[in-house]
Amino acid sequence: MEVQADASTGAVVFNIVGLAATSVKEARERVRSAIRNSGLEFPHHRLTVNLAPAELRKEGSGLDLPMAVAVALAMMRKAPQPRSAFLGELALDGSVCHVDGVLVAARWLQRRGYERVFVPASDAAEAALVDGLEVIPCTTLAAVIAHIIRTQPIAPQPPTAPALVSDGENSECDLLEVHGQEEARRALEVAAAGGHHLMLSGPPGAGKTMLARCLPGILPPLELAEALEVAQVKSLLGDLSSTRPLDWTRPFRAPHHGVSMAGLIGGGAGLAQPGEISRAHHGVLFLDELAEFQANVLQALRQPLETGRVSITRSGGSVAYPARFTLVAATNPCPCGWAGDTRRACRCTPAMIDAYQRRLSGPLLDRIDLKVGVRRVPLGALAAEPAGESSAPVRERVLAARRRQLGRQGCLNAQLKPARLRQLASLDAGSRQTLERWAEQRGLTARGFHRAWRVARTSADLESSDRIAERHILEALGYRLHDVAA
Amino acid sequence: MAIVGSRRPSPYGEAVAEQLAADLARAGVIVVSGLALGIDAAAHRGALNGGGITVAVMGTGVDVVYPAAHSRLADDILAGGGALVSQFPDGTVPRRQNFPARNWTMAALSDVVVVVEAGEGSGALITAEAALHLHKEVMAVPGSVFSALSVGTHGLLRDGAGLVQNARDVLAALNLAGEVLDDPLATPKRLGFELRPERDGILGHLSDVLPMSAADIARRLQLPVSEVLGRMTALELDGAVRRLDAGYVRALRSGKERA
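Heads up: the sequence lines are chains A and B, in that order.
Residues 1 to 486 in this note's numbering are what the first sequence spells out, letter by letter.
Residues 1001 to 1259 in this note's numbering are what the second sequence spells out, letter by letter.
Keep in mind the hints are simulated off the structure, nothing from the lab.
Where hints are given, some of them may not hold.
Here are the computed lysine to any residue pairs in the SDA-like style, where the Cα-Cα straight-line distance is at most 25 angstroms [said to hold, decoys possible]:
# : chain 1 : residue 1 : chain 2 : residue 2
1 : A       : Lys371    : B       : Asp1208
2 : A       : Lys371    : B       : Arg1220
3 : A       : Lys371    : B       : Asp1238
4 : A       : Lys371    : B       : Ser1207
5 : A       : Lys371    : B       : Gly1239
6 : A       : Lys371    : B       : Ala1234
7 : A       : Lys417    : A       : Leu237
8 : A       : Lys371    : B       : Leu1223
9 : A       : Lys371    : B       : Ala1079
Chain A is faced by these chain B residues, among others (derived, beta-carbon under 7 angstroms) [what the hints assert, rightly or not]:
#  : residue
10 : Arg1007
11 : Pro1011
12 : Leu1037
13 : Ala1214
14 : Ala1215
15 : Ala1218
16 : Arg1220
17 : Gln1222
18 : Val1225
19 : Ser1226
20 : Leu1229
21 : Gly1230
22 : Thr1233
23 : Ala1234
24 : Leu1237
A quick note: this is a predicted structure, and the numbers were derived from the prediction, not measured.
We put the beta carbon where it would ideally sit given N, CA and C, even for glycine.
Go ahead and model the full structure; you've got the sequences and the hints to work with.
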């Protein structure tokens, strides 16, 4: 996008043209004050700032700096170096302030062939994550102008070195703290290895939240490309740490069940903001008390669960955000939560349980590959439960299984299309027969059929096995808690 | 006679109700129950399997089958020469306050009320209480002392309800068994469940009442949980085990294959 400024004779007016949103038109006062307070000349006659191309809608305070630079340079009859871009908000005294989304803008500019970007000093480290782009940190408008007219150059920001990956600090929870729950532990490992979505069902206090929090810790750290994508989402939301913009930790997001559609999926006025599912990109989205979420909010999860992206259309235009996350859902077995508990009686009627489980059923449940029951271990008996492995060896196995998948097919098993699944994960006669028998007995959909197949592929990968054996299929079907006899 | 009990029974309770009803129906007894889920449905089904007559006492109008999933069962009851009866006018929808009155009617229609699996506060206990008030015989089938579903039935037994171990106990109470009564010291003739041939050692570790999780089984057999999950799925496919809550129970089969 280009900012042009023209000072001509006529009445003293300051016009901004080129489909500018209110937030951009407000810049007039900031630009005028910032220029005057920086000891620069502001035109005493007709001033027009044109934002080109005119058909594109412009938003945000990040245009303050380019407009002020254009006006100031117009008065001096100078121009900046070619292929330079400017981004920043101005305070009335001329200092350059933080704007959101600098990383996203910088990556876009670099791809478009820009060589240099002027950004607020506080956002310079973020912009310098991008290779092949000179980043000029700006503190004040006066300093920017002085740099351009070469009276006092600003030293470019050195490239931001990615922080070192440190093992073990990937998660706040370690599996070592989970006693018993071998079924859920195994399901977590399969979920991590194959990128499968997981549902934990059990009474309050069974440790569902803790199990979910262990998942990021058994996932490998983010790859550089993944970390950049995660940072971009944070950058758009103004959430990026200025000291450590690139983080290798897998995101873990746990929105409350009262979350709105805009909060979970993305949205808001004008151009949609990323929601929780995009914040969980390459990480874990934990939805506790799944049945308490609004039905339409859960419905909207279907597209991103399937495609790993979400597109949202608002008045300001349509945007697509990445949303490739592992869903961990937790639910009680019934409204009171105690069905199946050995110590407390459940007080729900069969009709209530039925209605409760129906809220969960259907298309969303169909997209969750792994479903396990979690039992509550009474506090006194907790110490007697065997302590399991810590997260580190589990992560090693997960990593090996993921490498096998990426080497074989370039994606995780959960993302395999049915055609490639048939080609890469063929079943022997016995396995196929077992799977078909179950599908017939339980009225499995085609989607469910393929999902069980993919889980079996992951189970085989965890064993470093090229072939899917019947036991892998049988294990995969063991996680299909909600298939009922037809 | 009436057979009543939990709407969420264990496979054990369901099998007992079904077998008992079948044996009694064969002996010419009319089996009364409430067309509800669980024990009620098992009792109706058992009576039909035994080729007998069964009566459903409904808490709704006779034209409103509740739960709707039982409309097939209701048709079968009528086809078997039985009856759907109700004290409520046609079109009455299920209402919580109508069911206790229905339970009284069941007791009034029967000479004996047998309770199979009733937790604390179960509606089946209302039927038992009604039977006591109406001077009918109350009997109960014992269950596992570990099961919450035994609290109500064991309470009845402690308070003097007749013990039911098989159909002959009920026939005796109905004075239909002739002179030969069971010798209380002899081993009771068990209700004739057939366990599937145990081709898998896992089955021996399973209860027919209390669900056991795959993790518990894995620990007992010293097997990885992934393998246990697979083996349980194989047993499930064969109909030898069933999922219950977060675990597995042994599936009991009465003589006839269940629908």
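Checked hints:
1. Lys371/A <-> Asp1208/B: holds (23 angstroms)
2. Lys371/A <-> Arg1220/B: holds (23 angstroms)
3. Lys371/A <-> Asp1238/B: Measuring from Cα to Cα gives roughly 21 angstroms; hence the hint holds.
4. Lys371/A <-> Ser1207/B: Given pair Lys371/A, Ser1207/B holds - Cα atoms ~23 angstroms apart, limit 25 angstroms.
5. Lys371/A <-> Gly1239/B: OK: Lys371/A and Gly1239/B at ~21 angstroms, within 25 angstroms.
6. Lys371/A <-> Ala1234/B: At roughly 17 angstroms apart (the allowed maximum being 25 angstroms), Ala1234/B and Lys371/A satisfy the hint.
7. Lys417/A <-> Leu237/A: With Cα atoms ~33 angstroms apart, Lys417/A and Leu237/A exceed 25 angstroms; violated.
8. Lys371/A <-> Leu1223/B: Status holds; Cα separation ~21 angstroms.
9. Lys371/A <-> Ala1079/B: Violated, because 41 angstroms separates the two Cα atoms, which is more than 25 angstroms.
10. Arg1007: With a minimum Cβ separation of about 5 angstroms from chain A (threshold 7 angstroms), the hint on Arg1007/B holds.
11. Pro1011: This hint is violated: Pro1011/B lies away from chain A, its Cβ roughly 13 angstroms from the closest one there, beyond 7 angstroms.
12. Leu1037: holds (5 angstroms)
13. Ala1214: OK, holds: Ala1214/B within 7 angstroms of chain A, min 5 angstroms.
14. Ala1215: Given a least distance of 4 angstroms, the restraint on Ala1215/B holds.
15. Ala1218: holds (6 angstroms)
16. Arg1220: Arg1220/B check fails; min Cβ-Cβ to chain A is 12 angstroms, beyond 7 angstroms.
17. Gln1222: violated (12 angstroms)
18. Val1225: holds (4 angstroms)
19. Ser1226: holds (5 angstroms)
20. Leu1229: Check passed: Cβ of Leu1229/B comes within 3 angstroms of chain A, closer than 7 angstroms.
21. Gly1230: holds (3 angstroms)
22. Thr1233: Holds, because the Cβ-Cβ distance from Thr1233/B to chain A comes to roughly 4 angstroms (cut-off 7 angstroms).
23. Ala1234: holds (6 angstroms)
24. Leu1237: holds (6 angstroms)
Going down the numbered hints, you'll see the structure goes against 7, 9, 11, 16, 17, while the others check out.
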